[in-house]
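In order, the protein sequences belong to chains A and B.
Numbered by the working numbering, the letters in the first sequence go through residues 4 to 336 in order.
Numbered by the working numbering, the letters in the second sequence go through residues 4 to 336 in order.
Worth flagging that the hints you see were computed from the coordinates, not collected in a lab.
You can trust all of the hints, since none of them are fake.
The list makes no distinction among identical chains, and a pair is therefore deemed to hold if it is satisfied within one copy or across any two copies.
When the alpha-carbon atoms are kept at most 25 Å apart in a straight line, the in silico DMTMM-like pairs for lysine to aspartate or glutamate are as follows:
no.: 1; residue 1: Lys-59; residue 2: Asp-214
no.: 2; residue 1: Lys-59; residue 2: Glu-148
no.: 3; residue 1: Lys-59; residue 2: Glu-206
no.: 4; residue 1: Lys-200; residue 2: Asp-255
no.: 5; residue 1: Lys-173; residue 2: Glu-206
no.: 6; residue 1: Lys-145; residue 2: Asp-279
no.: 7; residue 1: Lys-168; residue 2: Glu-290
no.: 8; residue 1: Lys-145; residue 2: Asp-194
no.: 9; residue 1: Lys-9; residue 2: Glu-335
no.: 10; residue 1: Lys-12; residue 2: Glu-69
no.: 11; residue 1: Lys-9; residue 2: Asp-106
no.: 12; residue 1: Lys-41; residue 2: Asp-315
Protein chains: 2
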Amino acid sequence: MNKQLKLAKRPDGMPEADTWTLESNPIPSIEEGQFLVKQHFISLDPAMRGWIREGKSYIPPVELGEVMRAGSVGEVVASKHPGYQVGDFVSGWGGVQQYAVFDGTKSFKVDPNLVPLPVYIGTLGMPGMTAYFGILEVGQIKEGETVLVSGGAGAVGSIVGQIAKLKGCKVVGIAGGPAKCKYMKEELGFDGAIDYKSENMYEAIGRECPDGVDVYFDNVGGEILDAALAHIRMHARIVICGAISQYNNRDDVHGPKNYLALLVNRGTMKGMVVMDYVRDWGKAGQEMGMWMAQGKLRSREDVYEGIDNFYDTFLRLFSGEKKGKLVLKVLED
Amino acid sequence: MNKQLKLAKRPDGMPEADTWTLESNPIPSIEEGQFLVKQHFISLDPAMRGWIREGKSYIPPVELGEVMRAGSVGEVVASKHPGYQVGDFVSGWGGVQQYAVFDGTKSFKVDPNLVPLPVYIGTLGMPGMTAYFGILEVGQIKEGETVLVSGGAGAVGSIVGQIAKLKGCKVVGIAGGPAKCKYMKEELGFDGAIDYKSENMYEAIGRECPDGVDVYFDNVGGEILDAALAHIRMHARIVICGAISQYNNRDDVHGPKNYLALLVNRGTMKGMVVMDYVRDWGKAGQEMGMWMAQGKLRSREDVYEGIDNFYDTFLRLFSGEKKGKLVLKVLED
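With the rest of the complex left out, here is chain A (with noise of 0.2 Å):
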């Protein structure tokens, strides 16, 4: 049977545990053209919280009665397709279930001897792939800038962290806790970490970066961003990935209310979804893949078991206890 995890109703605020439910189904037969990929994990990203809600975004909603929309990697284990093979292991949006049908338009091949296979769907997938593209070509970071990250410690922000290390720039975390701090300094490299949980940001950030900030990645909004306008230097760029502190909100958004910063510094707040680069995801992912290799860039997910558990792992998003990237395994061995 294959365990499918289905939208049932759109949530307001935070997502309750009827927001989906589990159902038993048969293993879908394929057609020509098409291949089955028995799923072993499952990526949890924050932009699940968004794709539940109605209405247009970059990508369409997910219906009511549809599979829950994810990204995942698994093996290929029925074939009618001439360029995948039984055994084959891809990536791609296989949704929250156990099998999932592929016709080749958006899976890639990946290889689990090279790293395991939830990496694919972490610092070499989505989550990589939008440090990468948003550190690089809408952050426009130069050697010796200062850098600032929310999220620091993150699927996407330690990787965005780590990269501008690599290019040469003064890098600063802000994440959530002592534990998470420490991870970013001692383990990601970072020159400096803000724990939001215990420190007054303003206070914090104008510590940590006393010449400003060149370039904010924002993967959360709310007052931390509030907090990093404050403390921008002139043509700094904000790089606005995500607003995770915002996305259960049942009234408006915060907006940034120190954005008059822009002007007063000819500051950028541009806005990136990680799809426009998909082009440039195999390149990106070469480059990343070496500096694994080389030990320049460190990889951590945090697996949890069972798609029964989806929901609980879920909200591990927003209450941030996790550590790195978060992954469900749905595999039953």
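Fit chain B to the given chain A structure using the hints.
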């Protein structure tokens, strides 16, 4: 005697009559390398509110006891500077006073026979340059795009919209009241007009820009910026030129709560300060002068009389009770 308006205190919220004091002092003498200008007109700009705020901004604040900063235009009446002769007309930073001493570093000569003197502190001065570089360099408008401009009947916005029309854009202006809306459509040639005093902004922008907004030129901030963000198209540019609705706030600035539209639409919000383009003002002035001579660019000045009336005239910036560029005649006949 030289009537001078000096900053007496820093206002909290909307400036009051005692924010400035008017003094009568002897006409200053000049030293080698200086020249004395009998000022005819001074420019009243929303930026003045920022200049009297304490703390770092794009230029230092006006200090207490200092003559209030203002752009001005007048006639040289004494000179010990080889480049300026008695009878020359000059525009520069003369401040709110009847006589000002210059040293040639912050002034340029103007020709009173070409256009009326107030135009040199309006369309061919700082507001016009702001419009020119803001919409062309920062906004990067392209033929066929839809341009939305707030403060569309004002000194900057009226020029922004006309330049966008000249470049083949569709232009929609936002202003307060039916007279200004009529002015934007009938005299400035805008394609659409929105009265923010009587219309629901979200609906009105949707009506006038049914395919969305490519470039939004923002002079006002607040809820109008929110509504504009809700209508941006892919790769839209938001030019942050000012935020007149927020300058007199006692509390926090209203942050743009729809800023995540930048993410969804890969939009850019960018701040600008016209001083950055000083090197190219001459070139821009020539082009705008030609447009004016050809009848393609209209300039409207609303001139009030008497340095004693500075405060009442200043208030018109925020009440909107003016028609085009606000100018005060300080010359006493």
